[in-house]
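Chemist: For reference, the chains in residue letters:
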Amino acid sequence: MSCPSDEIIGEVVDGAADSVAMAHVERCASCRSRASRLRELDLALQALPLAGEAPPSSLAAMLRGLVAGDDVRSRALGRGLESATKAAAARAPHRRRHGWVRTATGLGAVAAVAALLVIAPVTGSPSLALADDAISNHLLALGTGDGSGCQVESEDRWALSAWLSDALGHEIEVPELAGATLVGARRCSLLGEETAAVVYRSGESAFSVYLPPKGSVAAAACERSTGCVERAGQTVCVIADPAGSPWLMVGEMPRLDLCSVAASG
Amino acid sequence: MEPKEFARLVEPHLGVIHRLARRLTRTRADAEDLAQEGLIRAFERRSSLRDVQRIRGWLLATLRNLHLNRLRDEKPHLLVLGDVGETDAEPRGDLERELQDGVLSDELLLGLRQLPEEQSTALWLRAVEGLSYEEVAESMGTPVGTVRSRLSRARAAMIEFLSVTKLAAGGES
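Heads up: the protein sequence lines correspond to chains A and B, in order.
The first sequence lines up with residues 282 to 546 when you count with my numbering.
The second sequence lines up with residues 85 to 257 when you count with my numbering.
None of these hints come from the bench; they were simulated from the model.
Beta carbons are placed, not taken as given, at the ideal position from N, Cα and C, and that holds for glycine.
If a hint is listed, it holds; no wrong ones were tucked in.
Looking from chain B toward chain A, a few residues come up when the C-beta cut is under 7 Å (computed):
id: 1; residue: 87
id: 2; residue: 98
id: 3; residue: 102
id: 4; residue: 119
id: 5; residue: 120
id: 6; residue: 123
id: 7; residue: 193
id: 8; residue: 194
id: 9; residue: 211
id: 10; residue: 235
id: 11; residue: 239
id: 12; residue: 240
id: 13; residue: 242
Output of the computed footprint for chain A on chain B, the stretches with three or more beta carbons under 8 Å from beta carbons of chain A:
id: 14; stretch: 89 to 97
id: 15; stretch: 112 to 118
id: 16; stretch: 197 to 208
My request is simple: use the sequences and hints to build the entire structure.
Modeler: See below:
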């Protein structure tokens, strides 16, 4: 028997192949290696935190409610209606347009060094998956629509906090960064989960600050790594926030400048 | 089927329902909504369950169909992710070790998200939840042969994605 297709190797891994294929993989070093790689992939997937996640107690409560004849449908639909209303509000935000103000702020070298002392890398750079995802999102947002990267534009951090909190359904406080000016905000996706993104400008550069919700996959990824990484001309920094979840900053700025701005918050 | 009997049969599968809802949606709140609405729909249609031995696949099919119907009804409002850059580099050799060491969780999640939904769901249900090919087929409303090919494509795409990602990592400081 010649070496089987990837599909058959997969069936061997799943214990669903016929005896001929099983015997071949036993004998063939190359096929054993292919199967081993698939097994490792499966094991890695099984080790993901989500793979062991227990259902929330509300799901069992819903089941009990169904058995008891409670009006669980109207409760669930009510919650769905609330979500839909929020989503509609998020899709049609009040837009206040303004032009880019291209004034250089000129960050001082002393401030930059001082900032680095505060937020220098501690445990290693953000993972490349996290960094690439954030960069993709940042670049795509800036290249979409009016180029601001925002769904709603405002320099008022409380207005943006309220909009994001409403759009994402949990409390969000937009950070105030003395070294940058607010441009607006958008909702986006980081590692597959919905995340708030706030856009600032500093000099001629625009950068995004991602505020992953506590307990989210992106927040956990940020917590695993504090520091900066440079990719595709962009700098990505994870900023620890002792009072809440870490942030992720992305911009086409030197690491020192981005850190200085972060430290001004 | 009596409501109590329905609850008894469904309860052991709340975990897999929850996790599939989390995989299909982007927030915990959306996942909770989807799982609860899926349970209600399954309860209302419990008379259509022909074989209680196949309840897991039937529940998951109910959940997934509900999700797909919701997607059809609403326009996407999330910004879609794109590639930062292309690379034609060949896989690096230590991927297997990194998989064993469990250091690729972010990459795994991102890789799963980049697969077509029908591939990532098939892979999740088989590799993580341990469903048989037949159960995956039932959950997804497709023939078993389609499940086999989706699984094969999903695994190949994941291996390639992870290999390229790790190669790129090798070029970074």
